[in-house]
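Colleague: Residue numbers (the working numbering), protein chains in the order written: chain A, 43 to 469; chain B, 43 to 469; chain C, 43 to 469; chain D, 43 to 469.
Simulated from the structure, these hints should not be mistaken for lab results.
There could be a bad hint or two in this list.
Any copy will do: because identical chains look the same in the list, a pair fits if it lies in one copy or spans two.
[To be verified] Derived pair list, reagent style EDC-like, types lysine to aspartate or glutamate, alpha-carbon separation capped at 16 Å:
#1 K340 to E127
#2 K305 to E162
#3 K452 to D307
#4 K69 to E173
#5 K69 to E429
#6 K49 to E181
#7 K199 to D413
#8 K449 to D378
#9 K420 to D252
#10 K69 to E181
#11 K199 to E456
#12 K337 to E173
#13 K69 to E334
#14 K322 to D307
#15 K159 to D186
#16 K449 to E344
#17 K337 to D73
#18 K337 to E184
#19 K126 to E344
#20 K420 to D307
#21 K325 to E380
#22 K410 to E344
#23 K410 to E295
#24 K325 to E369
#25 K325 to E295
#26 K322 to D306
#27 K340 to E296
So you can see what is in the structure, the chains are spelled out below.
4 protein chains.
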Amino acid sequence: MIMSGEKYWGFIKDPIHGYIRITSSEKRIIDTRPVQRLRRIRQLGPGAEYVYPGANHTRFEHSLGCLYLGGVLAESLPVGLSRKEVREVRIAALLHDVGHGPFSHVFEPLLNRCTGKTHEDMTEWVIEKSELAEILTTEGYEVDRIKSMAVGRSKTKRIFLNQIIRSTVDVDKMDFLIRDSYHTGAEYGPIDIFRLIYTMDVLNSNLAVDLTALPTLEAFVIARIGAFRAVYFHRTVRAFQIMLEKALRIANEEMGFVDIHSKDDYLDLDDYSMWTLLRKCEKSRDIVRDLERRKLLKCSFEGCFFIKDSLTTSLLTNETIRQRLGEQIAERAGLDKEQVILDVPSVPSVPYYHSLSTEPMEIPVFYKRRDGQRIPMKLSEVSRIIEPLQAFMNIVRVYTDSMNREKVSKSAREVLSDLPISTEVSY
Amino acid sequence: MIMSGEKYWGFIKDPIHGYIRITSSEKRIIDTRPVQRLRRIRQLGPGAEYVYPGANHTRFEHSLGCLYLGGVLAESLPVGLSRKEVREVRIAALLHDVGHGPFSHVFEPLLNRCTGKTHEDMTEWVIEKSELAEILTTEGYEVDRIKSMAVGRSKTKRIFLNQIIRSTVDVDKMDFLIRDSYHTGAEYGPIDIFRLIYTMDVLNSNLAVDLTALPTLEAFVIARIGAFRAVYFHRTVRAFQIMLEKALRIANEEMGFVDIHSKDDYLDLDDYSMWTLLRKCEKSRDIVRDLERRKLLKCSFEGCFFIKDSLTTSLLTNETIRQRLGEQIAERAGLDKEQVILDVPSVPSVPYYHSLSTEPMEIPVFYKRRDGQRIPMKLSEVSRIIEPLQAFMNIVRVYTDSMNREKVSKSAREVLSDLPISTEVSY
Amino acid sequence: MIMSGEKYWGFIKDPIHGYIRITSSEKRIIDTRPVQRLRRIRQLGPGAEYVYPGANHTRFEHSLGCLYLGGVLAESLPVGLSRKEVREVRIAALLHDVGHGPFSHVFEPLLNRCTGKTHEDMTEWVIEKSELAEILTTEGYEVDRIKSMAVGRSKTKRIFLNQIIRSTVDVDKMDFLIRDSYHTGAEYGPIDIFRLIYTMDVLNSNLAVDLTALPTLEAFVIARIGAFRAVYFHRTVRAFQIMLEKALRIANEEMGFVDIHSKDDYLDLDDYSMWTLLRKCEKSRDIVRDLERRKLLKCSFEGCFFIKDSLTTSLLTNETIRQRLGEQIAERAGLDKEQVILDVPSVPSVPYYHSLSTEPMEIPVFYKRRDGQRIPMKLSEVSRIIEPLQAFMNIVRVYTDSMNREKVSKSAREVLSDLPISTEVSY
Amino acid sequence: MIMSGEKYWGFIKDPIHGYIRITSSEKRIIDTRPVQRLRRIRQLGPGAEYVYPGANHTRFEHSLGCLYLGGVLAESLPVGLSRKEVREVRIAALLHDVGHGPFSHVFEPLLNRCTGKTHEDMTEWVIEKSELAEILTTEGYEVDRIKSMAVGRSKTKRIFLNQIIRSTVDVDKMDFLIRDSYHTGAEYGPIDIFRLIYTMDVLNSNLAVDLTALPTLEAFVIARIGAFRAVYFHRTVRAFQIMLEKALRIANEEMGFVDIHSKDDYLDLDDYSMWTLLRKCEKSRDIVRDLERRKLLKCSFEGCFFIKDSLTTSLLTNETIRQRLGEQIAERAGLDKEQVILDVPSVPSVPYYHSLSTEPMEIPVFYKRRDGQRIPMKLSEVSRIIEPLQAFMNIVRVYTDSMNREKVSKSAREVLSDLPISTEVSY
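Isolated chain A, as found in the complex (with noise of 0.2 Å):
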């Protein structure tokens, strides 16, 4: 925990990992804008205090955990790492999200398609162009590698550095899924990190984890698909993102505040500004009002279709497919298309969404021989729950307003009614 050498400036104490020591080079690092900036962007959403009043921590305290568990990785990792790759680490981690616009993923829709970019290309941007740039030299920190590797992109040969902060078993996800669970009261939790990291070590230079901690691996698994249904694909958490998705769509019509030309205007917007923005134009105004009355958009339809249908899948993550489906189901209620929304895991929207498609089953682990040697394994070979567990995500959801919530619901029956879905749920 102890990076010998450094000169330490304090503690900060955090309710998830108590005191975080923290050296006068991070402090000078923490106290920038980029980095102060994330106390007025929220972890979860929005939307997740809709459902759970307490989730109101942000990206700030997140980032000082991640701070701080990359570095007690970084640490007992028995592959061992310089003192220089430790520092790289605990920033790197530290300077993750600092790319994420207002609402975090809520924002990344209209990035995406406004500026071609994502939350990481942004992360990278701010740090090699806002003061973080000069301020990191200074300190003796190489910008070009610290950008990369803080989106898990570094060219080194030592791939498990970008592993620590971005892949399946990250200490950005040990992070969140804790504190998340701990700041919403839901109990998906807990996982035993740090039985992870003391068990994780490196293999052909990738990140692993020991056989002998499969069930603690397995409840990560777990423990992230229950945060996915009780927290950010909650029915009621994307009624409210899908309103101020479209709310930010709208507005920015109007406004143009995506049209980013400089890293101060790309700054200036957090949750508070952008949340004042939205309320003041004219046409946002009117979902602004209904969200401050938590009126709501209604779940009208529910499914569940199966993973190995893969043209199921594909047809509903195809975004044009999707929208002609939601079409369908609006002309048949006899109602503008506008009025009706089909919600999947797979829009840019939902956090992780894209990670919880393609990841689990790539989680490498290995069995230590007696002799010390060992053996990578597949952990779809050696755990039976890996592949079930992905069915959690394959939902299908069809939102209106209150008002037309019956004649939706029926006519989304029909419409799906060839898919292969299952468990339906109407409402």
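Chains B, C and D: place on chain A using the hints.
Modeller: Below, chains B, C and D without anything else, positioned relative to chain A:
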């Protein structure tokens, strides 16, 4: 926990109290703009998050916690409350904070100066003038009774109903002490609030605590002072708040946002919109720029004066004298008077300052004889720690910017040397 | 939470559930020797404390927890229970474990063999024969009804009353899963038991869970399996228990303590007296000497067989065949048959083994239509993880002492190679 | 947290401190009979579990906690400890309790009377005479140094090494305050022990606390007194312990188990064997029968005397005078002298009684000047609550059986009326 005869809407999950069951009536009241607005007013400050990054919880979740605890206490009091009274206590507890301005107590001095009102006055005003009045009536509540009970001023003979919401051991304090500790990570608690609740009774129409819970009551007082020292009057938290208070004051000179003519104007003010405004306003912009980089005022002097010396106390709590002392210190240090701030716990921007200075002695306790009779006692006679505990809040500090720290430190020691101030700490 | 009309004695403070309110009648039943004796019978094992030093909680506090949860569930079921039924459920839950012998499940195989009884039979016997019978009668309970309800065998038509205490989602399991996690520190939980409780209902006289709580129900099943792997069937815990079971068996040959003629003889047996006896008894003394220095058997082989292969399953759960396999392994390794133990989860000394093997599929769930009608569903049809989860308990292990570890490992691999055992792990 | 150069065996999971990493040497020392025996000696009492059913944790897990905290403190002290010293502190902390008899402090008065020894003397004796001596030597420890450091009597010039294990803010107290609160559920804590640890330093060879942690230090003292009132000297806990102490005394008259000739005899004594013995022994059998049904002595009188009145204090702490007062009360009530017990906190069976009466004032604190120099200060001068807190332990109680409660209550009031005793509480 269950109010028979009421129609329940469902549960809200709270990280502190678990599942909070609410009725359909309560749901409709919660889903109004004045209550939902509390989601955008932080419970602590702000400023607390500059010391405890996790301190981002809001008055919304705290208000739900008060509804819950108010109900539990109302139902467990041996004196017996009618179903109507239990309903009223829950709603009054829910609404007790709706009058808070942005940044809560930091806004209060400005509010006082411009309008002569406290946030309690505003709570009554908001309940009466906003959509709350109509919905309360529809749901069968008496608006006048609820609005006055919410601020502890109801004209009932059963004055303990007011005291459940506002007194030295009210559910407001019970909830925020536990909630603040949970989200900050500051370990001054926990207090065994259910032991307090289950041993409370009514004596001559007043709430009182059974002497068997004396250790718990003392722990409650100790926790309040612990919270005061660790959070509410923390040196760095105050530095932030003093700067923000100034930003509000000078921005208001330019923008006049406290000239509130309608409750809509007032409800538009929240942490989000006010921060955005302060950032744009020319006068306050520089302060916000510093705050967004955590460049804070520094404490140059801290002393503790004896409470028994009432002259000193009154001197320091008198605004005029306090300002004059600040000016003397500035002058002697060769600085402008604006550059030196003398801070004491009795300024209105310190949450709960008035209650801390006056209340601890007044908690009524009783001793239950074997024959069942309850004998009222004075807390100060049965507890030997209540009185000395008062000393904790007699703190005086002098702030200035980091450049002038040494000069002001020296000057403050000289100017304040005539006062009976002990344990002087210079920086 | 409050049973109107009952006289309350007061509260008992529990680290899990907080203040548990109990009536004067309940207090008198708690203060009998059969209930107080549970203070000297540990909840877990023993053996769990050899892996988790904190695992020293007892069946006494667990029994109070069951009384509490039993009461909460009884009062919240929408079907409506009479006051008499709520009283009965609480007392039956309190008494459900009074028949346990010393070291609980480790004692059970010996009890079965010598007397043909299970601990449930003993519970009924103790309630009927001890001072409990008289005091139950005095306090207005029907002894016959309580004793059979305590083991889930009450002849009531309202069979959900039995199921509150003994079924796949009973308050017994809810309490011990949370309590075991708390005291061990093993992080397989927590489960949101109050969400389960508040969404439970009665369908055709059976307890059933609302489909909206499906994720919570799955988490409950996952937590049980997590507890099984991390605690109940942990490799080291089992090593301890196998040795203790042997010590009990051979000491009984010398001392005959299971020839129980009176309930007083039986109630004299607890963890304290039995350990003292085993330490003194010549035959078992050496085993105790090893246990008191943590010299444990070593696991030489561990494999996982497929559940669908019912032949293998039945082979391994058949005691005769299991012993024969063990003897073959011993013989091939050139050892005495006593020196090799083949361990599977289905032996009676593994807590909850029978429930794990048979129950998970049987949890009834229902879907509530908008018109209020409840449609029964099969859990296996709505959940895709229930079935694969079964695989977790198909473990077979071979133990021997540390000197013969290698030999037995080799021999076990050879003998068991014909069985469809996967993920073989040799040491 | 990591001792470079040591070979680590692995982790032990503790519910309080999480994963405790231990070396192979430490593992071998932990796996000796004197250390493993602590699994059968409860941390609290016994008696505490009669008020807090969850209070079943043992001195074994507490000892591991002390090893852990001792290591953390040893590694974080700015004065710098050698690797050898860190090793020693950890092992000495682990072994500090190995000399405790069955029922810990309840056994102590008998031990004192029969052998003239305290449990600290026995700790040194056990370390020297048992298998510990050999294994310590093998693993490279100096037996003499470890045994004396374990009881805070090492002859080192670096006396802070002793103080880490035994002083007013030692790791022993830090661990048990938190652990006792966790397992009992008594909410007098938590204390922010890591803030204490991280702000501790060495001043003139003594451990001292930085003044910036004054609130934490005060909270630590307050928590100790809270624990004293809520647990260690709880009225009912003492009733149990007084009865048990008597049972031990009279059973020893019959059986002579304190005539200990070998360390094996002594190590055979633990909570398990002693309870079994007391139950069988003819003289103590009746007391055990009552304890096993929770028939306890009743407190007939409780008063609080002023500490400043040193005459009263000395009277009550003088065993002869205390007994004489008890006899007077008995005589006046017409009872046998055995039927009345006068209980004060200064009897040896109250855990930590001596430390409570003498220590709080002596905690050294220092103030660090801006130039780095540390100025020693007296805690009583900087804290105003330390002194009044002393009043908490000046309690005198009179116990008798439930039948004679009224008589003894009256008689005690009369006999003790001459003493300056306040807040008299009669039952």
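Colleague: For the identical chains here, do K199 and E456 meet the 16 Å Cα criterion within one copy, between copies, both, or neither?
Modeller: neither (53 Å within a copy, 43 Å between copies)
Colleague: Within a copy, between copies, both or neither: where do K340 and E127 come within 16 Å Cα-Cα?
Modeller: neither (49 Å within a copy, 34 Å between copies)
Colleague: Taking 16 Å as the upper bound on the Cα-Cα distance, should K69 and E173 be classified as within, between, both, or neither?
Modeller: within (14 Å within a copy, 47 Å between copies)
Colleague: Is the C-alpha distance from K199 to D413 at most 16 Å within one copy, between copies, in both cases, or in neither?
Modeller: neither (27 Å within a copy, 46 Å between copies)
Colleague: Could you place K69 and E429 in one of the four classes (within, between, both, neither) given a Cα distance threshold of 16 Å?
Modeller: neither (43 Å within a copy, 39 Å between copies)
Colleague: Under a CA distance limit of 16 Å, which applies to K49 and E181: within one copy, between copies, both, or neither?
Modeller: within (12 Å within a copy, 35 Å between copies)
Colleague: Within a copy, between copies, both or neither: which one fits K449 and E344 at a CA-CA cutoff of 16 Å?
Modeller: So K449 and E344 pass the 16 Å test inside one copy only (14 Å; across, 57 Å).
Colleague: Cα distance capped at 16 Å. Does K337 pair with E173 within a copy, between copies, both, or neither?
Modeller: For K337 and E173, only the inter-copy Cα distance (15 Å) is at most 16 Å; the intra-copy one is 41 Å.
Colleague: How would you classify K449 and D378 at a CA-CA limit of 16 Å: within, between, both, or neither?
Modeller: within (13 Å within a copy, 70 Å between copies)
Colleague: At most 16 Å between C-alpha atoms: does K159 with D186 qualify within a copy, between copies, both, or neither?
Modeller: neither (18 Å within a copy, 55 Å between copies)
Colleague: At most 16 Å between C-alpha atoms: does K410 with E344 qualify within a copy, between copies, both, or neither?
Modeller: The answer is between: 14 Å across copies meets 16 Å, while 45 Å in one copy does not.
Colleague: Have a look at K410 and E295 and pick one of within, between, both or neither, based on CA distance no larger than 16 Å.
Modeller: Neither. Shortest intra-copy (58 Å) and inter-copy (43 Å) distances fail the 16 Å Cα cut-off.
Hints 1, 3, 5, 7, 11, 15, 18, 19, 20, 23, 24, 27, counting from the list given before, are not met by this structure.
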